[in-house]
Amino acid sequence: MKNPSRAERVNESRMEPGAAEALARAGFSRRAFIKGTGALIVSFSMGGALRTLEAQRAPAGAFGENGASDSPPANEVDSWIAIASDGSITAYTGKEELGQGMSTAQTQLVAEELCVPFHSVNLIACDTSMTPDQGVTSGSQSHPANFNRNNLAGACATAREALLQLGSKRLNIPADELVAVDGTIRSKSDASKKVAYAELVAGKKFDLKVDTAAKRKPASEWTVLGKPIGRPDMAAMATGTFE
Amino acid sequence: MSLLSLNVNGQTHSLDVDPTTPLLYILSDDLGLRGPKFGCGLGQCGSCTVLVKGQAVRSCITAVETVQGLEIVTLEGLGTSDKPHPIQKAFIEEQAAQCGFCLNGVILTAKAFLDKNPKATEKEIEAGMSRVLCRCFTHTRMLRAIGRAKQGMAR
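Chains C and D supply the protein sequences, listed in that same order. In terms of the numbering used here, the first sequence opens at residue 1 and continues consecutively. In terms of the numbering used here, the second sequence opens at residue 1 and continues consecutively.
The following block holds chain C by itself, in its conformation from the complex (with noise of 0.2 Å):
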């Protein structure tokens, strides 16, 4: 900048207050900024980046100014999974089918973890009215964001701990030889011993925070997820059914 006073001057008149007191919220001052435009324009946008990423990697109820505020609470388990009376399992999402597969994905993940048959889980996904406001979908992040220890795969983990806890007490089985099978929480020594998820906790709520250190499957024990397997919006979208 060859005349910095000059410039500084007339951007000082072209500068609405609104923009100088963010500027200022910043921690930038106009002088820099009119100095270092041309490095501030990457700082700015790797500052947005950044924070979305954060957002997405946040701890439970951390999506904080980005995310709706009347949104379900992201560090609660109720907001990611409900469990019916007929044992199907509702789980909701912050992100969003886009033809690359995420709600199989998620859906084989909810599975997996809650050791439930792929079919018997629905999700809903970014209706901020009852899903977790996640912010965008985009840049690769749904997996780090819901397949890590918070959120979803967080929530489930969280939920499946509960339900082995839930079915040592109806059982009267200590919770370390029981195991969670097929929607339902079973002896490991004897499998005539089980009482299904939708008789634990039907109709009521898990009133839990997401647990980041519950337990997660290993991958070894998978069955669900990492397996091919068809995508459940496809028969849809070739007939004209989708929506």
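Be aware that a few hints might be false.
[Claimed, not checked] 30 Å max Cα-Cα, derived DSS-like pairs, lysine-lysine:
1. D/83 to C/227
2. C/215 to C/194
3. C/169 to C/205
4. C/227 to D/89
[To be verified] If you want the ones that stay clear, here's a sample from chain C, every Cβ over 10 Å from chain D, calculated:
5. 84
6. 88
7. 187
8. 217
[Said to hold, decoys possible] Going by beta-carbon spacing under 7 Å, a handful of chain C positions derived as facing chain D:
9. 232
10. 234
11. 235
12. 237
13. 238
14. 239
15. 240
Source of the hints: derived by calculation from the structure; they are not laboratory data. In this text, a Cβ means the ideal position worked out from N, Cα and C, and glycines have one as well.
Dock chain D against chain C, hints included.
Using the frame of chain C, we list chain D on its own:
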């Protein structure tokens, strides 16, 4: 406005519309069909395709008055999720879509082409499909599905 009679998927509809309205608008807005899609609006991408007397026609640049009384079939008219047409079945089996927006045009264009050219070679199918655009680049699977449909429809 004028009263027109349209035969869509085997049903006759009487509509009071501007006769120059694009057929696509009538199908989507008046008849509530979700198969034909608005893509480019210029007849260039193919996502609005419907079959008129068995021929693939771009409904976004077809005035509705030009097809009154003719047999119009949309993607919904081919088959349902429970009972898909062999070509729809082939696309489902090959999982030949990503976002699926172009799928209407791909399936209907392929159907019209195979009906006319049941013994088409791969190269001929490629040429026959060349004017239908897919931005997800799902072409390989789509051609596989059309090949599978060719076998199924020949039987």
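For residue 169 of chain C and residue 205 of chain C, compute the direct alpha-carbon distance and say whether it is at most 30 Å. 17 Å, holds
Run the distance test for residue 215 of chain C versus residue 194 of chain C: straight-line Cα separation, threshold 30 Å. OK: residue 215 of chain C and residue 194 of chain C at ~21 Å, within 30 Å.
Sort out whether residue 89 of chain D lies within 30 Å of residue 227 of chain C, counting only the CA atoms. Cα-Cα ~22 Å, so holds.
Any CB of chain D closer than 7 Å to the CB of residue 232 of chain C? 11 Å, violated
Holds or violated: is the Cβ of residue 240 of chain C closer than 7 Å to a Cβ in chain D? 3 Å, holds
Restraint outcome when residue 237 of chain C is required to lie within 7 Å of chain D by C-beta distance: 4 Å, holds
Cut-off 7 Å, beta-carbon criterion: hint that residue 239 of chain C touches chain D: 5 Å, holds
Minimum Cβ separation between residue 88 of chain C and chain D greater than 10 Å? 19 Å, holds
Taking 30 Å as the top limit, are the C-alpha atoms of residue 83 of chain D and residue 227 of chain C close enough? Within the cut-off at roughly 27 Å; holds.
Against chain D, run the beta carbon of residue 238 of chain C and see if the smallest gap drops under 7 Å. 4 Å, holds
Can we keep the residue 234 of chain C interface hint, with Cβ of chain D closer than 7 Å? 5 Å, holds
Does residue 187 of chain C really sit off the interface, with its C-beta more than 10 Å from all C-beta atoms of chain D? 39 Å, holds
Comparing the model with each numbered hint stated earlier shows that hint 9 is the single one that does not hold.
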